[in-house]
Amino acid sequence: MTAGTEIFAYAPKRPNILVRFLNSSFVAILVVAAAIVAIWYVGAVALNATAQNFADERAGVTRDWPDFVKATWSQDKPRLPAPHQVAEEVYNTTFLVPPTAKRSLVYHGWITLSSTLVGFVIGTLLGIGLAILIVHVPSLDRSLMPWIVSSQTIPILAIAPMVIVVLAAVGVVGLLPKAVISTYLSFFPVTVGMVKGLRSPEPMHLDLMRTYNASRWQTFWKLRWPSALPFLFVSMKVAVAAALVGAIVGEMPTGAVAGLGARLLTGSYYGQTIQIWAALFAAALMAAVLVGIVGLVGRLVFRHMGARPA
Amino acid sequence: MTDEAAAPRGAGILRAIAQKRSTPPLAAAAAGGAVVPVERAPAPVPPAPVVIDVRNLSLTFMTNDGPVDALSGIDLSVHRGEFISLIGPSGCGKTTLLRVIADLEQPTAGSISVNGVTPEEARRNRGYGYVFQAAALYPWRNVARNVALPLEIMGIDKAERDRRVAENLAHVNLTGFERKFPWQLSGGMQQRVSIARALAVEPDLLLMDEPFGALDEIVRDRLNQQLLELWAKTGKTVIFVTHSLPEAVFLSTRIVVMTPRPGKVHDVITSDLPRERDLDIRETPEFLKIAARVRDGLRAGHSYED
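So the protein lines, in turn, are chains H and E.
First residue of the first sequence: 1, per the numbering used here; consecutive thereafter.
First residue of the second sequence: 311, per the numbering used here; consecutive thereafter.
These are calculated hints, taken from the structure and not from any lab test.
Note that the coordinates shown come from a computational prediction; the quantities given were computed from them, not determined experimentally.
Glycine is no exception: its CB is placed at the ideal position from the N, C-alpha and C atoms.
Just so you know, not all the hints are guaranteed correct.
What the hints assert, rightly or not - Pairwise CB distance ranges, derived in the manner of DEER restraints:
| # | chain 1 | residue 1 | chain 2 | residue 2 | range |
| --- | --- | --- | --- | --- | --- |
| 1 | E | Trp493 | H | Arg142 | 45 to 53 angstroms |
| 2 | E | Gln416 | H | Ser150 | 53 to 61 angstroms |
| 3 | E | Lys490 | H | Arg14 | 23 to 31 angstroms |
| 4 | E | Thr485 | H | Lys196 | 36 to 44 angstroms |
| 5 | E | Phe371 | H | Val166 | 50 to 58 angstroms |
| 6 | E | Trp493 | H | Pro146 | 34 to 42 angstroms |
| 7 | E | Ser421 | H | Ser143 | 52 to 60 angstroms |
Stated by the list, open to error - When the alpha-carbon atoms are kept at most 20 angstroms apart in a straight line, the in silico SDA-like pairs for lysine to any residue are as follows:
| # | chain 1 | residue 1 | chain 2 | residue 2 |
| --- | --- | --- | --- | --- |
| 8 | H | Lys237 | H | Gly295 |
| 9 | H | Lys222 | E | Trp450 |
| 10 | E | Lys490 | H | Pro226 |
| 11 | H | Lys222 | E | Glu488 |
| 12 | H | Lys70 | H | Phe95 |
| 13 | H | Lys77 | H | Pro309 |
| 14 | H | Lys237 | H | Val149 |
| 15 | H | Lys77 | H | Lys222 |
| 16 | H | Lys196 | E | Trp450 |
| 17 | E | Lys490 | H | Lys70 |
| 18 | H | Lys222 | E | Trp493 |
| 19 | H | Lys222 | E | Gly420 |
| 20 | H | Lys222 | E | Glu431 |
| 21 | H | Lys222 | E | Leu598 |
Let's have the full structure, built from the sequences with the hints guiding it.
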């Protein structure tokens, strides 16, 4: 074997498409999802078996075990609905009813989404504003920060009804009280992230600004703000998910008639477990899409800023 | 960097000292070959105006372990057009002295003037350009916008900014790299961008803090050569902090040897090497003589540790 062929023999080969597919994160996620679904089906049989036996006894029905399993997966008000029941409910209430109908997930989802977005935007702006103040005014760092941290130790479930009731007493009802709760939950990660981000420039970069005799404002716009953007987008991902939680929590205590939170509440009143699970999935999907959008916007911004492609 | 490119700029900026030069550096190199003609420096001329005047300057840092004397009783006068190196072991205060000149540190005793005013006023007038140990480029700005950064802060209009960016990138041989981002450049290129950024302010005084410390020997040699050519073209006053002995001797008209604990000036050596030099000069007896004296000073500094 000559030296030349040896080099070719050891040249790394690009793995074939099947190997690359099996190594992709898509497949990894799919495998985990499949495992969860399998466990879920088994769990549905186990949790619904008692009720099924009871019902069969009363009706005088005897079943062989495949039929029994099938029955536990198709109950009307199961303790744990099977995945396909939830999927069916999501599909029916999304695509088979008009989006304005009271049963429509799109209708309820939109109600929740609108207060989530309003709360998220206000929360993000508030978080950025607080961070700017904290970074630039040393006394605020000491006086404000402990309050901001302790604000998040109060259980949101305790404070949400009070916010709704107090705001209703002064005539503020509808979207805004829920948005306030979303704001309450979403400003915190942004404040913490941005305080860190605005303080992230290296001393050398700050010294450079000093040698140019740059004003505070110039140092902020040309150095602190761009340095903080990666921190902003990470904290906004957390904030948008928190804002959604806030909106749903805000819909529950008042017996609100619309929104995913209301769907969860009415579902539990009437034992409509499938409806609860469908609303849960709609909320999870919405959170994933919102976090995904924030991440995408971040990627576009970083590309525009000349970031090294990952 | 060609001399043709420099000619139009030099006409406006060259100081008295720069005008004394007749032989371009490249011509000197070509004529000399391996054996560089060693001319004595011209007979003493009336001294150029003082740019930096440091008198009995001390700086004590208050640390948790008690006070640390970073600088103690420093006296130094720098004249316009000089190339001064501050050399010494780490902890001798050479960077601290540079930072005091730049108003990045405050002295605790003594007096200092820069361009005839306090360092703070000099900084407010953008009286100097500062080059840091690392390039300190902003990663979200491309090369052209990094060089334009100080100009934006100074409120210079777009046309003039573009002109200065192009001119100073040409000075450091980076024309054509305007749209590259820092991560796309080598360490040496990044440091050249940072030099162009300091030059874009068009200061008469250039403060350089171990700018080539992180670069490999070959790149460092080339940048040293380019820096000398740049200095010859522009006639700026340069204060250059280094811990490399050959670098200090090769670049400087005067070498300030400092010793640590407390940071003091141990020796000031005036170089009688010709102003136009190329790298071969490092083999000449004159060069080695100066290097030997600097080395003696550095040894004395290290003996403090025993």
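Evaluated hints:
{"no.": "1", "hint": "E:Trp493 / H:Arg142: 45 to 53 angstroms", "result": "violated, 38 angstroms"}
{"no.": "2", "hint": "E:Gln416 / H:Ser150: 53 to 61 angstroms", "result": "violated, 38 angstroms"}
{"no.": "3", "hint": "E:Lys490 / H:Arg14: 23 to 31 angstroms", "result": "holds, 29 angstroms"}
{"no.": "4", "hint": "E:Thr485 / H:Lys196: 36 to 44 angstroms", "result": "holds, 39 angstroms"}
{"no.": "5", "hint": "E:Phe371 / H:Val166: 50 to 58 angstroms", "result": "holds, 54 angstroms"}
{"no.": "6", "hint": "E:Trp493 / H:Pro146: 34 to 42 angstroms", "result": "holds, 39 angstroms"}
{"no.": "7", "hint": "E:Ser421 / H:Ser143: 52 to 60 angstroms", "result": "violated, 40 angstroms"}
{"no.": "8", "hint": "H:Lys237 / H:Gly295", "result": "holds, 7 angstroms"}
{"no.": "9", "hint": "H:Lys222 / E:Trp450", "result": "holds, 10 angstroms"}
{"no.": "10", "hint": "E:Lys490 / H:Pro226", "result": "holds, 18 angstroms"}
{"no.": "11", "hint": "H:Lys222 / E:Glu488", "result": "holds, 19 angstroms"}
{"no.": "12", "hint": "H:Lys70 / H:Phe95", "result": "violated, 26 angstroms"}
{"no.": "13", "hint": "H:Lys77 / H:Pro309", "result": "violated, 50 angstroms"}
{"no.": "14", "hint": "H:Lys237 / H:Val149", "result": "holds, 19 angstroms"}
{"no.": "15", "hint": "H:Lys77 / H:Lys222", "result": "violated, 59 angstroms"}
{"no.": "16", "hint": "H:Lys196 / E:Trp450", "result": "holds, 18 angstroms"}
{"no.": "17", "hint": "E:Lys490 / H:Lys70", "result": "violated, 64 angstroms"}
{"no.": "18", "hint": "H:Lys222 / E:Trp493", "result": "holds, 19 angstroms"}
{"no.": "19", "hint": "H:Lys222 / E:Gly420", "result": "violated, 35 angstroms"}
{"no.": "20", "hint": "H:Lys222 / E:Glu431", "result": "violated, 23 angstroms"}
{"no.": "21", "hint": "H:Lys222 / E:Leu598", "result": "violated, 47 angstroms"}
Figure legend: structure checked against the earlier numbered hints; hints not met, in rising order: 1, 2, 7, 12, 13, 15, 17, 19, 20 and 21.
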